[in-house]
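Listed below are the residues making up each chain.
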Amino acid sequence: DAGVIQSPRHEVTEMGQEVTLRCKPISGHDYLFWYRQTMMRGLELLIYFNNNVPIDDSGMPEDRFSAKMPNASFSTLKIQPSEPRDSAVYFCASSLGVGEISETQYFGPGTRLLVL
Amino acid sequence: AQSVTQLDSHVSVSEGTPVLLRCNYSSSYSPSLFWYVQHPNKGLQLLLKYTSAATLVKGINGFEAEFKKSETSFHLTKPSAHMSDAAEYFCVVSDPILTGGGNKLTFGTGTQLKVEL
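Protein chains in written order, with my numbering: chain L, 1 to 116; chain V, 1 to 117.
If we strip away everything but chain V, and leave its shape as in the complex, we get:
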């Protein structure tokens, strides 16, 4: 079974400073990995997705993530935090082996990002 571990449940940064949200995965296959963001009382929005085309993935709102197979990591970064980045972030691994096809998403427990002035 595939799994993801988000190493920090809460991260607090100052506006304008870098953001690092850590994620490690476990997979028997070549995984697809995602980062989703959830703003308060909102749905889940896709930030970025890794398949196999490139190890450095750029997403929306200036976020990017690097797939490191040797470290089984997929950390999310942003050079400069903005107040609007305050939200919960989920690292997700996709399991392609499903009865009847399709893919099953396994979510991490989430990291709450706080951005302070």
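Same shape as in the complex, but just chain L:
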């Protein structure tokens, strides 16, 4: 398997613009997670899905952020409108499920977002 795939790898945009980040999880994984990494706050869980259904979005910073998972092989994280403080690295991760064997999360390479 190719692992978790994220696109784009880098995104530079201007304040107020819409940004869409994309993720393809590992085939067969039931859980998908979106994280944000910043110098100030480290790695934070934003939202996660189980079988395409959002389970916990308590980490989403505000209404400008939204995430969808229309099918088992694709998820998006959208920021509209974007602000400079959204600049960060956004990671997507997937896991097979619960339990000792299957709980390991595998991370994508991340999308580096810069909002000017």
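Keep in mind the hints are simulated off the structure, nothing from the lab. Accuracy of the hints is not assured; some may be wrong.
Stated by the list, open to error - Pulled a few chain V residues facing chain L out of the computed Cβ check, cut under 8 Å:
no.	residue
1	LYS42
2	SER94
3	LYS104
4	PHE107
As the list claims (entries may be wrong) - Listed below are the simulated DSS-like cross-link pairs for lysine-lysine, each with C-alpha atoms no more than 30 Å apart in a straight line:
no.	chain 1	residue 1	chain 2	residue 2
5	V	LYS114	V	LYS42
6	V	LYS114	V	LYS69
7	V	LYS42	L	LYS78
8	V	LYS104	V	LYS58
9	V	LYS104	L	LYS24
10	V	LYS69	L	LYS68
11	V	LYS114	V	LYS49
12	V	LYS68	V	LYS114
13	V	LYS104	L	LYS78
14	V	LYS69	V	LYS49
15	V	LYS114	V	LYS58
16	L	LYS24	V	LYS42
17	V	LYS68	V	LYS58
18	L	LYS78	L	LYS24
19	L	LYS68	V	LYS104
20	L	LYS68	L	LYS24
21	L	LYS78	L	LYS68
22	V	LYS58	V	LYS42
23	V	LYS104	V	LYS49
24	L	LYS24	V	LYS49
25	V	LYS42	V	LYS104
Just so it is clear, CB atoms sit at the ideal spot from N, CA and C, and this is done for glycine as well.
Given the structure of chain L, go ahead and fit chain V onto it with the hints provided.
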């Protein structure tokens, strides 16, 4: 709530000398613990994972970690550092109690490892 504390934000070693990255955890349950590594401008790669099978866990690239319940520690070690080990290392605890199932990872603040010639 579960948490991890990485005791050193930066560690510097000479190539060929041992590496010790310290991590303490807090958990109400029998935890799953991980170490992830992040090389500059790269994603997070799993180094090793502790569940409950063995307290000494061997990972990739010669790293290992020992789970010590009495000390609530999960320190990462390597006998001999290599230049390619220079990266940021994250200690992570897994919380199995989540709405709808699944597990939530709580990350430490990271330790930046520098390897000098």
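### Message
Please verify whether V/LYS114 and V/LYS69 have alpha carbons no more than 30 Å apart.
### Response
Holds, at about 29 Å.
### Task
Could you grab the alpha-carbon distance between V/LYS68 and V/LYS114 and see if it respects the 30 Å cut-off?
Status holds; Cα separation ~26 Å.
### Task
For the pair supplied as a hint, V/LYS114 and V/LYS42, confirm whether the alpha-carbon distance does not exceed 30 Å.
With Cα atoms ~16 Å apart, V/LYS114 and V/LYS42 stay inside 30 Å; holds.
### Agreement of L/LYS24 and V/LYS49 with the hint, judged by alpha carbon distance not exceeding 30 Å
OK: L/LYS24 and V/LYS49 at ~24 Å, within 30 Å.
### Query
Taken at face value, is the distance from the CA of L/LYS78 to the CA of V/LYS42 at most 30 Å?
Since the Cα atoms of V/LYS42 and L/LYS78 sit roughly 22 Å apart, the hinted pair holds (cutoff 30 Å).
### Message
With the threshold set at 30 Å, check whether the alpha-carbon distance from V/LYS42 to V/LYS104 stays at or below it.
### Response
With a Cα-Cα distance of about 22 Å, the restraint between V/LYS42 and V/LYS104 holds, given a limit of 30 Å.
### Query
Does the alpha-carbon distance linking V/LYS114 and V/LYS49 stay inside the 30 Å limit?
With Cα atoms ~23 Å apart, V/LYS114 and V/LYS49 stay inside 30 Å; holds.
### Query
Quick one, are L/LYS68 and L/LYS24 close enough, alpha carbons at most 30 Å?
holds (12 Å)
#### Entry: Residue hint V/PHE107, partner chain L, criterion CB-CB below 8 Å
With a minimum Cβ separation of about 4 Å from chain L (threshold 8 Å), the hint on V/PHE107 holds.
### Query
Holds or violated: V/LYS58 with V/LYS42, Cα cutoff 30 Å?
Given that 30 Å is the threshold and the Cα spacing comes to 23 Å, the pair holds.
### Message
Quick check on V/LYS104 please, does its C-beta sit within 8 Å of some C-beta on chain L?
### Response
holds (6 Å)
#### Entry: Hinted pair V/LYS104 and V/LYS58, Cα distance within 30 Å
Satisfied, since the Cα-Cα distance of roughly 23 Å is no more than 30 Å.
Hint compliance for this structure: hint 10 alone is broken.
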